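Please work from the sequences and hints to get the whole structure.
Chains A and B are the protein sequences, given in the same order.
Numbering of the first sequence is given in this note's numbering, commencing with residue 1 and proceeding in unit increments.
Numbering of the second sequence is given in this note's numbering, commencing with residue 1 and proceeding in unit increments.
Repeated chains share a single entry, so a pair holds when one copy, or any two copies, can fit it.
Below, in silico cross-link-like pairs of lysine to aspartate or glutamate (EDC-like), each with a Cα-Cα straight-line distance of 16 Å or less:
hint : residue 1 : residue 2
1    : 99        : 43
2    : 99        : 6
3    : 32        : 43
4    : 45        : 13
Derived by calculation from the structure, the hints in this document are not laboratory data.
If you're wondering where the values come from, they're calculated on a predicted model, not measured in any experiment.
2 protein chains.
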Amino acid sequence: MSIASDLIRGTTDMMILAHLLEGDSYGYDINKSIRMRTGDRFELKEATLYTAFRRLEQQGYISSYWGDEGSGARRRYYTITAPGRKAYIASVREWENAKALIDSIIQPKSKDE
Amino acid sequence: MSIASDLIRGTTDMMILAHLLEGDSYGYDINKSIRMRTGDRFELKEATLYTAFRRLEQQGYISSYWGDEGSGARRRYYTITAPGRKAYIASVREWENAKALIDSIIQPKSKDE
DNA sequence: CGATATACCTCACCTGTCAAGGTATCTCAG
DNA sequence: CTGAGATACCTTGACAGGTGAGGTATATCG
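This is how it looks when you write it as structure tokens:
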């Protein structure tokens with residue numbers, strides 16, 4: 001179950017950006033939302049999540065700030081930037097493209113089986 | 001142009017196995033055929049191709065033999081094995097699964113844009 | 001007080017891709 | 001004959017992203 005790590009590679013950043021498009025969020029919440037959207041069939045590993053945040057922030061695609069909750073564990077919120085939106089659009093385009101290319105290469109002989 | 005290497009990661013083996021399903025073949029030919037099927041928009045890098053062959057052979061998914069052409073450069077032919085066929089089917093299933101999961105995570109708000 | 005959930009983080013390791021380099025043979029133009 | 005180009009194979013080292021394992025801190029509930 002779950003996706004082979006080699007298959008998700010390169011889509012992690014896109015997943016995160018997709019979520020930030022709908023509003024600022026923080027790590028734990030993004031992952032929870034991914035779990036829910038996929039019916040518990042997939043989740044990002046924490047290490048993957050946080051290294052992705054570092055990467056995206058370094059590239060200027062997201063920016064972060066500490067939330068000021070009165071109680072509970074502190075949360076670091078992330079916002080998608082304008083370049084981030086552009087990068088997201090480009091990555092979705094690339095993803096659609098890759099899907100089509102790969103499918104054309106492995107073209108299954110029949111629809112069912 | 002071309003697919004980001006992080007996006008194809010994990011599909012290379014599947015691509016190669018897909019080609020071997022149609023009959024024995026050798027490296028150069030497989031790559032040529034991939035180039036053609038994708039209208040010159042994609043090709044595996046040689047280093048990637050040959051490391052994939054090593055990997056697949058080690059896993060018992062393919063086996064190889066030297067062709068005996070009277071003239072020209074020698075070719076190493078590859079055959080897909082029974083376990084290889086099973087692995088191919090499993091990997092296609094996994095790929096379809098991953099596509100659906102990823103799409104559900106990045107779910108675009110509208111069909112066009 | 002201990003367990004559980006929330007919430008963050010880092011390090012070392014593994015694996016697959018790829019640029020760069022190499023070898024050898026054949027064909028064809030000049 | 002010589003050199004270029006295509007065919008055909010291979011290896012090495014660097015690089016990048018995912019991940020297991022470990023760590024910190026707070027709040028809640030029994």
